[in-house]
Amino acid sequence: MKLSIIIVVFTMCFAGIAYASEGTATFYNRPYTPSACFGYEDHGPLVAGVSNELWNNGEACGRTIGVMCTGATNLAPQSCIEGTDIAVVVEITDHCPKCSSTINLSEDAFSVIANPDAGRIWIEYDE
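Mapping of the sequence shown onto mature numbering (1 follows the signal peptide of the UniProt record, and there is no 0): residues -20 to -1, 1 to 107, in sequence order.
Worth flagging that the hints you see were computed from the coordinates, not collected in a lab.
All C-beta atoms, glycine included, are put in the ideal place defined by N, C-alpha and C.
One or more hints might be untrue.
Restraint-style ranges between C-beta atoms, simulated for each label pair [as the list claims (entries may be wrong)]: (1) Asn32 - Asn9: 19 to 25 angstroms; (2) Glu62 - Asn36: 33 to 39 angstroms; (3) Asn32 - Glu62: 29 to 35 angstroms.
From just these sequences and the hints, can you work out the full model?
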């Protein structure tokens, strides 16, 4: 019985990793409004804009995604916050059609997982 529970938990942990998508993230500074999804309605500091890849004609609005830093896209030392399991959950509030990154995090959200001096980072995210 204990072994089967351990196997189920172990499998569930790796199932999440198997479905993770990869991309890049940058950040933007306050104010975080207005946004394409909610206008001037404030949705807090942990928000993000997404590129056309995730926008899906606005269906992304209000969804939450988990984002984890996996490394620097440049030579910035120690871009990710120490601890490989640090992730931030953000609400999608904006569209960033001209972004060269997959996700444009609020500076508050970016700072949870990476040093803002890095500017742009590699990420894994789940929807």
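Checked hints:
Remark: the range hint 19 to 25 angstroms for Asn32 to Asn9 is upheld by a beta-carbon distance near 22 angstroms. Between Glu62 and Asn36 the beta carbon distance is about 34 angstroms. The supplied range of 33 to 39 angstroms therefore holds. Taking 29 to 35 angstroms as the suggested C-beta distance range, the pair Asn32 and Glu62 conforms, at roughly 33 angstroms.
Of the numbered hints stated above, none is contradicted by the structure.
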